[in-house]
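Q: Input sequences plus hints: build the corresponding full structure.
Each chain, written out:
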Amino acid sequence: MRIVVAMSGGVDSSVAAALLAEQGHDVIGVSMQLYDQGQTTATGQKAFGTCCTIDDLYDARRVAATIGIPHYIVNFESQFGEHVVSNFVREYVSGRTPIPCSHCNSELKFAELLDRATAYDADQLATGHYARIEQDASGRYHLFRGADNTKDQTYFLFSLTQQQLARAAFPVGHLDKDTVRAHAHRLQLRVASKPDSQEICFVPDGDYAAFVERQAPEALRAGTVVDGGGKVLGTHGGVHRFTIGQRKGLGLSSREPLYVLEIKPDAAQVVVGPKEALGRAALTASTVNWVSGAAPADWLRISAQIRHRHAAAPARVRANDEGRAELEFDAPQTAVTPGQAVVFYDGDEVLGGGWID
Amino acid sequence: MLRSRFVAMRIYLDHNATTPLDPLVAERMVEALREVWGNASSVHHFGQQAKAALDEARGAVAGLLGADASEIVFTCGGTESDNIAIRGAAEALEASGRRHLITSAIEHEAVLSTMTALARRGARVTILPADASGILAPDRLREALTDDTALVSVMHANNEIGTVQPIAELAAIAHERGALFHTDAVQSAGKLPLDVRGLGVDLLSIAGHKFYGPKGTGALWLRRGVRLIPPMTGGRQERNRRAGTENVPALVGLGVAADVANRKLAREAGRLGALRDRLEAGILAAVPGSERNGAAAPRVPNTTNLSIDGVESESLLIGLDLAGIAVSSGSACSSGTLEPSHVLKAMGLSHGRTLGSIRFSLGTSNTDADIDHVIAVLPPLVAKLRSLTTVGGRK
Chain Z
396 MRIVVAMSGG
406 VDSSVAAALL
416 AEQGHDVIGV
426 SMQLYDQGQT
436 TATGQKAFGT
446 CCTIDDLYDA
456 RRVAATIGIP
466 HYIVNFESQF
476 GEHVVSNFVR
486 EYVSGRTPIP
496 CSHCNSELKF
506 AELLDRATAY
516 DADQLATGHY
526 ARIEQDASGR
536 YHLFRGADNT
546 KDQTYFLFSL
556 TQQQLARAAF
566 PVGHLDKDTV
576 RAHAHRLQLR
586 VASKPDSQEI
596 CFVPDGDYAA
606 FVERQAPEAL
616 RAGTVVDGGG
626 KVLGTHGGVH
636 RFTIGQRKGL
646 GLSSREPLYV
656 LEIKPDAAQV
666 VVGPKEALGR
676 AALTASTVNW
686 VSGAAPADWL
696 RISAQIRHRH
706 AAAPARVRAN
716 DEGRAELEFD
726 APQTAVTPGQ
736 AVVFYDGDEV
746 LGGGWID
Chain F
361 MLRSRFVAMR
371 IYLDHNATTP
381 LDPLVAERMV
391 EALREVWGNA
401 SSVHHFGQQA
411 KAALDEARGA
421 VAGLLGADAS
431 EIVFTCGGTE
441 SDNIAIRGAA
451 EALEASGRRH
461 LITSAIEHEA
471 VLSTMTALAR
481 RGARVTILPA
491 DASGILAPDR
501 LREALTDDTA
511 LVSVMHANNE
521 IGTVQPIAEL
531 AAIAHERGAL
541 FHTDAVQSAG
551 KLPLDVRGLG
561 VDLLSIAGHK
571 FYGPKGTGAL
581 WLRRGVRLIP
591 PMTGGRQERN
601 RRAGTENVPA
611 LVGLGVAADV
621 ANRKLAREAG
631 RLGALRDRLE
641 AGILAAVPGS
651 ERNGAAAPRV
661 PNTTNLSIDG
671 VESESLLIGL
681 DLAGIAVSSG
691 SACSSGTLEP
701 SHVLKAMGLS
711 HGRTLGSIRF
721 SLGTSNTDAD
731 IDHVIAVLPP
741 LVAKLRSLTT
751 VGGRK
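Here the protein sequences line up with chains Z and F, keeping their order. Position in the first sequence (first residue = 1) + 395 = our numbering. Position in the second sequence (first residue = 1) + 360 = our numbering.
It should be emphasised that the hints constitute simulated quantities derived from the structure, not laboratory data. Keep in mind that a hint or two might mislead.
Computed list of lysine to aspartate or glutamate pairs in EDC-like fashion (alpha-carbon distance at most 20 Å, straight line) [unchecked claim]:
1. K744/F - D516/Z
2. K575/F - E469/F
3. K411/F - E431/F
4. K744/F - D510/Z
5. K411/F - E598/F
6. K744/F - E507/Z
7. K575/F - D374/F
8. K546/Z - D591/Z
9. K572/Z - D743/Z
10. K744/F - D518/Z
11. K744/F - D669/F
12. K546/Z - E594/Z
To spell it out: a stretch of chain Z is covered by chain F in this simulated footprint if at least three of its residues, at any positions, have a beta carbon under 8 Å from a beta carbon of chain F; those stretches are [said to hold, decoys possible]:
13. 461-469
14. 502-516
Here the structure is a predicted model, which means the values were calculated and not measured. Here a beta-carbon is modelled for each residue, glycine too, at the ideal position from N, C-alpha and C.
A: In structure tokens, the structure reads:
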């Protein structure tokens with residue numbers, strides 16, 4: 396089978412490609428060039444970050460040569476800007492906390508790149524994600540968490556549809572990280588000991604606020620920090636600098652710790668309060684994807700995950716009109732954050748998910 | 361090693377990017393690598409042996425250009441030859457007050473970047489515009505020349521579209537105003553007969569790897585009496601024009617390549633021209649929304665540059681490579697980015713047309729069967745790319 400592997404230069408996608416090649420498939424390594432490495436801002440700062448830098452592309456190319464597969468670089472700068480970066484900036488300016496990786500997966504990798512794979516006569520597109528796909532007797536595809544639950548990445552893959560899953564492959568999803576690194580060492584891949592990238596690929600220093608300010612200087616709209624009653628406690632330099640549940644950087648002094656409870660972008664207000672006020676037992680979500688292709692008829696018992704590092708909590712969910720859903724947790728969850736994803740699980744299986752309103 | 365078991369047959373159609381070594385070139389180079397290793401500047405036997413090999417190579421290169429061996433400076437390639445010519449002449453003429461340089465918008469980066477560098481150091485640079493034909497109008501040069509023009513640099517044949525500039529006419533115009541004329545003949549050497557006297561130029565660059573010689577070799581021809589201040593300083597090799605101990609085996613290769621090219625030039629020109637014409641006509645007929653970029657003539661016989669509506673060249677290149685067909689878009693030096701070719705842009709072609717362009721450049725290995733295969737493979741590939749809306753049809 397001809398398979399395109401999305402190679403980031405990291406150990407997971409490298410081993411994914413290597414394993415497929417070992418199995419005798421016709422593997423084509425493709426790296427996405429997502430931003431102009433030379434791009435700097437007016438002040439000379441590098442406008443973009445590290446993942447998929449020249450060094451990462453070099454690593455991918457070297458791995459491809461080591462395992463004996465062709466390697467191509469596809470330029471997705473404008474698509475990345477349009478689908479991922481613009482969305483990221485817009486969300487922050489609107490007081491929401493985005494997840495660019497999910498958009499990248501569903502709108503770039505498993506859309507644009509999948510189309511490229513079709514163009515190159517490949518049957519499938521493989522990535523190094525920790526996730527698993529199974530097909531049942533009726534032909535329907537199911538998405539499961541990766542076998543290594545410390546590395547599971549299904550939180551970022553909830554938007555995948557049946558059509559996308561039919562052509563997707565996750566060659567390392569059934570392995571744990573140590574085994575993946577062991578394969579890399581066995582195959583003498585230069586990336587065997589390369590550290591995982593922890594940050595969002597285009598903001599390597601983790602300073603999302605500064606990134607947003609560079610991209611959208613108009614985001615710098617000062618405003619007030621208020622308590623639940625509306626009393627002004629302080630000022631801030633832009634709502635994009637905050638996320639729900641944030642405690643540091645509020646610029647306030649108070650006897651008890653205060654946390655961001657709510658962001659009101661129109662009023663440029665950040666509402667803070669004590670930790671107890673952070674719990675929410677219900678949420679609604681938009682642009683909900685149901686992996687099976689069909690929304691459930693009625694309330695469904697699930698466990699719901701509202702952050703990448705969040706233990707899925709028992710809840711029930713109901714699909715509403717226009718691709719929306721409402722969800723009720725059994726117990727209040729801390730820091731339900733607009734812009735993040737809520738992903739619905741049945742045990743290890745991903746039933747679907749959406750964007751928290 | 362790259363596995364090629366999934367690709368049955370490979371067809372190379374990127375000879376303007378580079379060429380494989382002629383077998384005789386490889387053979388002579390290996391001999392020289394093993395046996396002629398002396399420093400050509402040494403007095404003793406080993407030096408004399410090396411010097412003799414260089415002399416022979418120099419004569420062969422001179423023969424390719426209709427020049428005298430004493431007028432040939434060996435370099436490491438076209439880029440270096442261009443740099444020595446332009447920087448060397450510009451610096452030599454500065455003292456005389458001539459600080460104006462003229463070049464064309466369709467030059468190779470080796471010329472354009474050098475001009476930009478000199479502009480940053482205070483030279484005034486005029487860039488002559490091109491039009492959709494890809495051929496410069498001599499009047500443009502006439503208008504641009506001044507009494508303080510030091511040097512005009514216009515390429516003989518363009519690497520991307522293959523069009524040939526009216527060098528003899530341009531050189532004469534430059535001389536009327538006392539300016540020197542340099543031509544980058546990297547893409548015409550070995551494809552068109554070259555005669556430096558007939559062209560009337562003062563400086564001419566060539567590169568070995570474009571005519572089945574090794575990469576890392578080239579030459580600069582300069583007319584006797586032309587003064588240069590060489591940019592690279594060191595020893596006195598190449599009559600003080602290019603310092604550094606000579607890479608004799610590589611230059612032996614350059615000489616053999618020049619000799620072989622000279623001998624088969626006329627025959628190959630006819631053969632390649634026919635293959636190119638059939639390829640071009642075949643694609644234009646079979647792929648709706650395809651058109652040629654640049655004038656049909658005068659062109660080097662091996663090149664055709666086509667734009668295909670509704671697809672991006674990146675996808676075409678990869679799709680063709682997976683089918684075993686090697687071509688390029690833009691110039692080899694700039695692929696990997698989505699920057700439109702500066703040549704096509706300078707010709708005034710629309711953005712969409714520049715993004716969907718591919719260049720086929722034929723050479724010794726190509727046969728009728730190759731052409732047939734491309735004409736069979738390309739149309740269905742284009743159709744498939746066009747049907748994928750995210751791949752084709754981008755604004």
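Q: Decide, hint by hint, whether the structure agrees.
A: For each hint, the structure was consulted:
Annotation: proposed proximity of K744/F to D516/Z holds, straight-line Cα distance about 10 Å (limit 20 Å). This hinted pair checks out: K575/F and E469/F have alpha carbons roughly 18 Å apart, not beyond 20 Å. For a cut-off of 20 Å, the pair hint linking K411/F to E431/F stands: about 16 Å separates their Cα positions. Proposed proximity of K744/F and D510/Z is supported: the alpha carbons are some 10 Å apart, at most 20 Å.
For the hint linking K411/F to E598/F, the alpha-carbon distance of about 11 Å falls within 20 Å, and the restraint holds. Among the hinted pairs, K744/F with E507/Z is consistent with the structure: their alpha-carbon atoms are about 15 Å apart, no more than 20 Å. With a C-alpha separation of about 15 Å, the suggested pair K575/F and D374/F falls inside the 20 Å cut-off, and the hint holds. At most 20 Å may separate the alpha-carbon atoms for a hinted pair to count; K546/Z and D591/Z meet this at roughly 11 Å.
Pair hint K572/Z plus D743/Z holds up; C-alpha atoms about 18 Å apart against a cutoff of 20 Å. The straight-line distance between the Cα atoms of K744/F and D518/Z is roughly 15 Å, inside the 20 Å bound, and the hint therefore holds. Restraint check: the Cα-Cα separation between K744/F and D669/F comes to about 13 Å, which is no more than 20 Å; the hinted pair holds. Among the hinted pairs, K546/Z with E594/Z is consistent with the structure: their alpha-carbon atoms are about 14 Å apart, no more than 20 Å.
A stretch counts as covered by a chain when three or more of its residues have a beta carbon under 8 Å from one of that chain; for the region 461-469 of chain Z and chain F the count is 6, and the coverage holds. Evaluation of the coverage hint for the region 502-516 of chain Z: fulfilled, as 8 residues show C-beta separations to chain F shorter than 8 Å, against a requirement of three.
Checked against the numbered hints given earlier, the structure satisfies every one of them.
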